[in-house]
Amino acid sequence: MSGPAILTLAAIAKAFAGIHAVRDVSLAVGRGRILGLVGENGAGKSTLMNIIGGVVRPDGGTMLLDGAPYAPASPGEASRAGIAFIHQELNLFSNLTIAENIFLNDFPQRRFGPFSLIDRAAVARQARALLSEVSLDLPPETPLDRLSPGERQLVEVARALRLDARIIIFDEPTTSLTARETERLFALVARLREAGKSVIYISHILTDVAALADDIAVLRDGALIEAGAKAQFPIARMITLMVGRPIDQLYPPRKSAPQAAVLLEAISLGATGIIRDVSFALHRGEVLGIFGLMGAGRTELARILFGLDSHETGEIRVEGRRLPARSARASIRSGIAFITENRREEGLLMNGTVAENIALAALPRLAITPAELIEQGRIRSAAGALAEALNIKTASLDAPAKSLSGGNQQKVVLAKWLLCRPSVFIMDEPTRGIDVGAKYEIYSIIDRLAGAGGGVLFISSELEELLAVCDRILVMSRGEIVGEFARAGFDRGRVLAAAFREAAA
Amino acid sequence: MNRALYDRVSGYLLRHAAAIIFIVVFVYFGLAADNFLSAENSLNIIKQASFTGVIAVGMTFVLLTAGIDLSVGSNMYVSAMTVGYLLQIPGLQGGFGVLAGIVAGLATGALFGAINAACIVYLRITPFLVTLATMVAGHGLVTAITQSFGLDYPAAFTSFGAASILGIPIPVAIFAAVVAAAHIVLTRTPFGRQLYAVGNDAEAARKAGIATDRIIFSVYVISGLCAALGGVTLIALVGRLNQTFGVGKEFDVITAAVLGGTSLFGGVGTAFGAVIGSVLVQMVQAGMVFVKVNLYLQPMVLAAVIFIAVFFDSLRGARLEKLKRRFIRMDAPNEPGASAGKEIANPP
Amino acid sequence: MAAIFPDLATPRNISNQLSNVWPLLAVATGQTLVIIILGIDLSQGAIMGFASVAGGFVMATAADPNLLGGSPLWGTVLTEGGGWLAGRSGSVLIGVGLMLVVGGLVGLINGYFIARFRMPAFMVTLVSLMLFSSAGIWLTQSQNIVNLPPEFTQLGSGDLVSFYFGEKVEATIKRRDILSFLTYPMVIALALAVAVEIMLRFSVLGRYIYAIGMNAKTAAISGVPVRRVIMVVFVLSGLCAAVASILYSARLGGGRPTIGAGAALLDIIGATVIGGTSLSGGRGKIVWTLIGVVFFVLLGNTLNYMGLSAFYIDVVKGGIILAAAALDVARNQLLAGQAA
Chain A
1 MSGPAILTLA AIAKAFAGIH AVRDVSLAVG RGRILGLVGE NGAGKSTLMN IIGGVVRPDG
61 GTMLLDGAPY APASPGEASR AGIAFIHQEL NLFSNLTIAE NIFLNDFPQR RFGPFSLIDR
121 AAVARQARAL LSEVSLDLPP ETPLDRLSPG ERQLVEVARA LRLDARIIIF DEPTTSLTAR
181 ETERLFALVA RLREAGKSVI YISHILTDVA ALADDIAVLR DGALIEAGAK AQFPIARMIT
241 LMVGRPIDQL YPPRKSAPQA AVLLEAISLG ATGIIRDVSF ALHRGEVLGI FGLMGAGRTE
301 LARILFGLDS HETGEIRVEG RRLPARSARA SIRSGIAFIT ENRREEGLLM NGTVAENIAL
361 AALPRLAITP AELIEQGRIR SAAGALAEAL NIKTASLDAP AKSLSGGNQQ KVVLAKWLLC
421 RPSVFIMDEP TRGIDVGAKY EIYSIIDRLA GAGGGVLFIS SELEELLAVC DRILVMSRGE
481 IVGEFARAGF DRGRVLAAAF REAAA
Chain B
1 MNRALYDRVS GYLLRHAAAI IFIVVFVYFG LAADNFLSAE NSLNIIKQAS FTGVIAVGMT
61 FVLLTAGIDL SVGSNMYVSA MTVGYLLQIP GLQGGFGVLA GIVAGLATGA LFGAINAACI
121 VYLRITPFLV TLATMVAGHG LVTAITQSFG LDYPAAFTSF GAASILGIPI PVAIFAAVVA
181 AAHIVLTRTP FGRQLYAVGN DAEAARKAGI ATDRIIFSVY VISGLCAALG GVTLIALVGR
241 LNQTFGVGKE FDVITAAVLG GTSLFGGVGT AFGAVIGSVL VQMVQAGMVF VKVNLYLQPM
301 VLAAVIFIAV FFDSLRGARL EKLKRRFIRM DAPNEPGASA GKEIANPP
Chain C
1 MAAIFPDLAT PRNISNQLSN VWPLLAVATG QTLVIIILGI DLSQGAIMGF ASVAGGFVMA
61 TAADPNLLGG SPLWGTVLTE GGGWLAGRSG SVLIGVGLML VVGGLVGLIN GYFIARFRMP
121 AFMVTLVSLM LFSSAGIWLT QSQNIVNLPP EFTQLGSGDL VSFYFGEKVE ATIKRRDILS
181 FLTYPMVIAL ALAVAVEIML RFSVLGRYIY AIGMNAKTAA ISGVPVRRVI MVVFVLSGLC
241 AAVASILYSA RLGGGRPTIG AGAALLDIIG ATVIGGTSLS GGRGKIVWTL IGVVFFVLLG
301 NTLNYMGLSA FYIDVVKGGI ILAAAALDVA RNQLLAGQAA
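Quick note, the sequences are listed as chains A, B and C, same order.
If you read the first sequence in the numbering used here, its first letter stands for residue 1, the second for the next number, and so on.
If you read the second sequence in the numbering used here, its first letter stands for residue 1, the second for the next number, and so on.
If you read the third sequence in the numbering used here, its first letter stands for residue 1, the second for the next number, and so on.
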């Protein structure tokens, strides 16, 4: 790193219940520079940033902010010291307006006799100025729940600017942004640097980090592996450092080929304001990718296919038979599995045991009819067999799901569905938020499922993985399918162009 | 009917369900009972509503944080007892003594609220359980102390309850002042706005640097203070404290707040909602007396009104969710009238 | 406690102590299920009162027109000659069945609106509470219905097996020397609790109940019929309240609209929570609730023996509930610390 450091960490350490989350990390953040922080899940990035942001206190080590000792006891103290932390889950409040969100911590106030009240005129005036700085062209009194994820991110940045932050931490800022919003955010980050602010940028998307950062720091198992100027860190090297072993292949080879038989067929599905005229066929043994920007209607389509939401026109057929009742239960019975994009909220019982989670969807199968009683032994042996087949790393089948790593949690979700013996797998962002090694395992499982005659509908916003894993890719935009590419015709640029509908312009 | 029009009309009706029920009830009783709309009766309804209303304002603060305070009825009883015992002292039966008694009563209520708050904030026990326990404990304590005997209040105090300022009865004036203060606090102070943030997502609020513990502590103290205020003004009117004072009041108060549009899930609600809710409850009760509904049936009618309001509120929630789902963001170059046709980009 | 207060250990007292346990166990069993799915059922007390009234109306063998003449059901269901079923064979069986049906129906109404329209359980069951407690009072005009048939009242105190302590000098044995070992209320309440515990542990429905308590969204996507399970749980809660109503009404020998009023709510929820069922959902067992109920009842009785007024007992009970809840919170935090 060149130039003086604004923030220096020395030998920072933090353990939770005896497990080291961060050990002996010494790192400097340069003034007016962007530090890219990379590492697998569980490498300690979040803990380290939570220490800087005052969310948790370190067990050991010291920090210097602009030469002065810095030990925030709360997020409030950190923000007063000039450190803004933009969490992955945005800290905004949908029941307040844009301006209220920006000024929540220190409203401009005016005295009315003995009372001091919010100065609404000043709030509006200052909010407009901040919004124009982040080029968000909306009235400050707009309720936040009318904003898209990208616009909300800009509101967060405006809030950081309002606090006159010297250091702004972005934790995975682009996961819910469209490509256009991402571009806008990057331009803003570059402007922040020009204005002399320092930025810590955390992301799984290494190409973004490579494009944006001046310096790179790599964490693994809670320790700092290496840090330095960007030039020393080509992407391949970043990956090697992150996983601790050279990975020449991020993706397993696709071993099987699709067959002719159609498993799942959508015929001009439509739902007002959600999807329009969606038709496609998923074949036996096929991995069919669905690519699209955030809000293109991919997740909505998946929910409709699985029967969680209703559609108004068209029909869905499984192996030629029209799906009757529209419910998750009926879909499961017809052999459909749905791996949702949100593991914690929709995929798992976080407080439930691994065995409980694996057995959940197949309980009616495991029951001894007609009293619907369950034999514990059957559940355990079925769950145990799958945990072994999928290589789930857990202390025991009775460990709570929340004690597992992201990758192993995702494998528990897969195991849950495999126990139902489905033929169609709808996977919505199955590799989101899991580390490189676990991703490889998930891709292998997908390949094996297709090889065994299943059909996989693979929804993702990471184009690279779709190009590597799929036999065919459909592109969605604004609720419609706007492009289709077979494996032989895969082309990064053309898929993206279709998603942006630029080809038409 | 035209679908878009239907959507708009039904959306409007659902959004203003509480106000519409209010008007329907008002018009119905106005037509059914001759003197219902008389100035005297209207003022009487507002006066009767003001006791519940004051407490409902405090409850609104609590509900905004997604909490609940079941102990308000018990708190009324405790505070009223404090006033009662102080005013038994001969030296305190004059004007100044009454004032001291009232202040002591309010302080008792705030302390009661602070005990709830401490259990909720420091021990992290669910508000429902904390306030259920203090509800029973508080009532038991007072009844044990008074040994179930009634307590009488001196004339100086009861005349305060029956007095008026500029023709406005004291309870109504207090109610108006509390509502106005609450409205300003909720809409125009940082505390108020932060309160809404905490109710929306407490964890996010903490991360955003808001002193959530302090805010949650405050709302239970405010609720306790409002309960004491309601209790003290009501006992000044009643003049005699007995064992049933305040019993079941918590449900009236929660009902009034919820009828006024305050959500049990936090983050949604206003001070004026408490006015609408409490007056609505009182109007239904008074109206039933006017049209001579069987005394035993009156609670059932009230239950039906509450049910309708909560039912419409849930329909509105479901509808909002459905509309949100429809909200597909148009990103990308999106010229108006752009072709919606499909383009298959060169299948190989 | 028996060492300090020898009276507590006399046979009669043990029976008495336990006689308060069984109805509370029945109703708390239902509340446990509701709390596991993150709900709350405020209407159980009202169900108990209403079911008691309903049972009284049909089963009474005689009625006093001076007391009940004002009832809207006077002359139709109830007359001076007793209730509608008075004197018919199987009247107790039908009466008990009717009480169960009443409990189940109220539960079904609660469950339907909570599950189908996603209305908050607190408000829905509060409305039920108002509706059915005032309906019970209206139907009886605030009176109690007495003269219930002995076949019914023995459900409240009759014993299957009992032991006699003391010398057999007289032909008739004094009641207080008998230790009622197996009483009807005990058998009924325990059978209900065991059945529900088996359902929770070993059936698909039980698994579904826990899953919904932990995460209803995940459960729904995994094919759990969430709405149906919620309805079933509230129906069970109503049925449990009806069973408690049967036991209480039989013991008190009358149909009383106020049987579950007042502090009953604290007892029901307090006993459940003291047992360890978590108000944050997904965790709870009927065995725990049994322990909570026994503890709660013994506590009340002991304090009573110490000469504490009933009102101070409420204060202590409130404190105990807070302590139990604080313990639960501490345990959760400990577990969370270990998992992180």
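It is possible that part of the hints are untrue.
Computed footprint of chain B on chain C; a stretch qualifies when at least three of its residues, placed anywhere within it, have a C-beta under 8 Å from a C-beta of chain B [stated by the list, open to error]: (1) 21 to 27; (2) 131 to 141.
Listed next, the in silico EDC-like pairs over lysine to aspartate or glutamate satisfying Cα-Cα at most 20 Å (straight line) [unchecked claim]: (3) LYS393(A) to ASP471(A); (4) LYS217(C) to ASP221(A); (5) LYS285(C) to GLU375(A); (6) LYS402(A) to GLU345(A); (7) LYS255(A) to GLU265(A); (8) LYS393(A) to ASP435(A); (9) LYS393(A) to GLU172(A); (10) LYS230(A) to GLU194(A); (11) LYS402(A) to GLU346(A); (12) LYS255(A) to ASP277(A); (13) LYS217(C) to GLU321(B); (14) LYS255(A) to ASP398(A); (15) LYS255(A) to GLU89(A); (16) LYS230(A) to ASP164(A); (17) LYS292(B) to ASP7(B); (18) LYS217(C) to ASP309(A); (19) LYS230(A) to ASP277(A); (20) LYS402(A) to ASP7(B); (21) LYS217(C) to GLU375(A); (22) LYS285(C) to GLU197(C); (23) LYS217(C) to GLU345(A); (24) LYS402(A) to ASP435(A); (25) LYS402(A) to GLU89(A); (26) LYS255(A) to ASP447(A); (27) LYS402(A) to ASP447(A); (28) LYS217(C) to GLU40(B); (29) LYS285(C) to ASP398(A).
Hints were generated in silico from the structure; no laboratory data involved.
Just so it is clear, CB atoms sit at the ideal spot from N, CA and C, and this is done for glycine as well.
Evaluated hints:
Restraint check on the region 21 to 27 of chain C versus chain B: 0 residues with Cβ-Cβ distances below 8 Å, three needed, restraint violated. Check result for the region 131 to 141 of chain C against chain B: holds, 7 residues qualifying (beta carbon to beta carbon below 8 Å, three or more required). The hinted pair formed by LYS393(A) and ASP471(A) fails the criterion: a straight-line CA distance of about 30 Å is larger than 20 Å. Between LYS217(C) and ASP221(A) the alpha-carbon distance is near 33 Å, which puts this suggested pair outside the 20 Å criterion.
For the hint pairing LYS285(C) with GLU375(A), the CA-to-CA distance comes to about 18 Å; that is within 20 Å, so the pair holds. About 12 Å separates the Cα atoms of LYS402(A) and GLU345(A), which keeps this hinted pair within 20 Å; it holds. Under the criterion of a C-alpha separation no larger than 20 Å, the hint pairing LYS255(A) with GLU265(A) is inconsistent with the structure, at around 24 Å. Pair hint LYS393(A) plus ASP435(A) holds up; C-alpha atoms about 14 Å apart against a cutoff of 20 Å.
As the CA atoms of LYS393(A) and GLU172(A) are separated by approximately 26 Å, the hinted pair breaks the 20 Å bound. With a C-alpha separation of about 18 Å, the suggested pair LYS230(A) and GLU194(A) falls inside the 20 Å cut-off, and the hint holds. For the suggested pair LYS402(A) and GLU346(A), the alpha carbons sit about 13 Å apart, so the restraint of at most 20 Å is met. The straight-line distance between the Cα atoms of LYS255(A) and ASP277(A) is roughly 33 Å, outside the 20 Å bound, and the hint therefore fails.
A C-alpha spacing of about 15 Å is found between LYS217(C) and GLU321(B), which places the hinted pair at or below 20 Å, so the restraint holds. Under the criterion of a C-alpha separation no larger than 20 Å, the hint pairing LYS255(A) with ASP398(A) is inconsistent with the structure, at around 35 Å. Distance check on the hinted pair: LYS255(A) and GLU89(A) sit about 37 Å apart at the alpha-carbon level, beyond 20 Å; violated. As the CA atoms of LYS230(A) and ASP164(A) are separated by approximately 27 Å, the hinted pair breaks the 20 Å bound.
Taking the CA atoms of LYS292(B) and ASP7(B), the gap is about 39 Å. The hint is violated against a cut of 20 Å. Distance check on the hinted pair: LYS217(C) and ASP309(A) sit about 13 Å apart at the alpha-carbon level, within 20 Å; holds. This hinted pair does not check out: LYS230(A) and ASP277(A) have alpha carbons roughly 46 Å apart, beyond 20 Å. For the suggested pair LYS402(A) and ASP7(B), the alpha carbons sit about 42 Å apart, so the restraint of at most 20 Å is broken.
Proximity of LYS217(C) to GLU375(A) is assessed by CA-CA distance (about 25 Å); at most 20 Å being required, the pair is judged violated. At most 20 Å may separate the alpha-carbon atoms for a hinted pair to count; LYS285(C) and GLU197(C) meet this at roughly 7 Å. With a C-alpha separation of about 7 Å, the suggested pair LYS217(C) and GLU345(A) falls inside the 20 Å cut-off, and the hint holds. The suggested pairing of LYS402(A) with ASP435(A) holds, with an alpha-carbon distance near 16 Å, which does not exceed 20 Å.
Taken as a hint, the LYS402(A) and GLU89(A) pair is honoured in the structure, with Cα atoms around 18 Å apart against an allowance of 20 Å. With a C-alpha separation of about 7 Å, the suggested pair LYS255(A) and ASP447(A) falls inside the 20 Å cut-off, and the hint holds. A C-alpha spacing of about 27 Å is found between LYS402(A) and ASP447(A), which places the hinted pair above 20 Å, so the restraint is violated. Annotation: proposed proximity of LYS217(C) to GLU40(B) is violated, straight-line Cα distance about 53 Å (limit 20 Å).
For the hint pairing LYS285(C) with ASP398(A), the CA-to-CA distance comes to about 18 Å; that is within 20 Å, so the pair holds.
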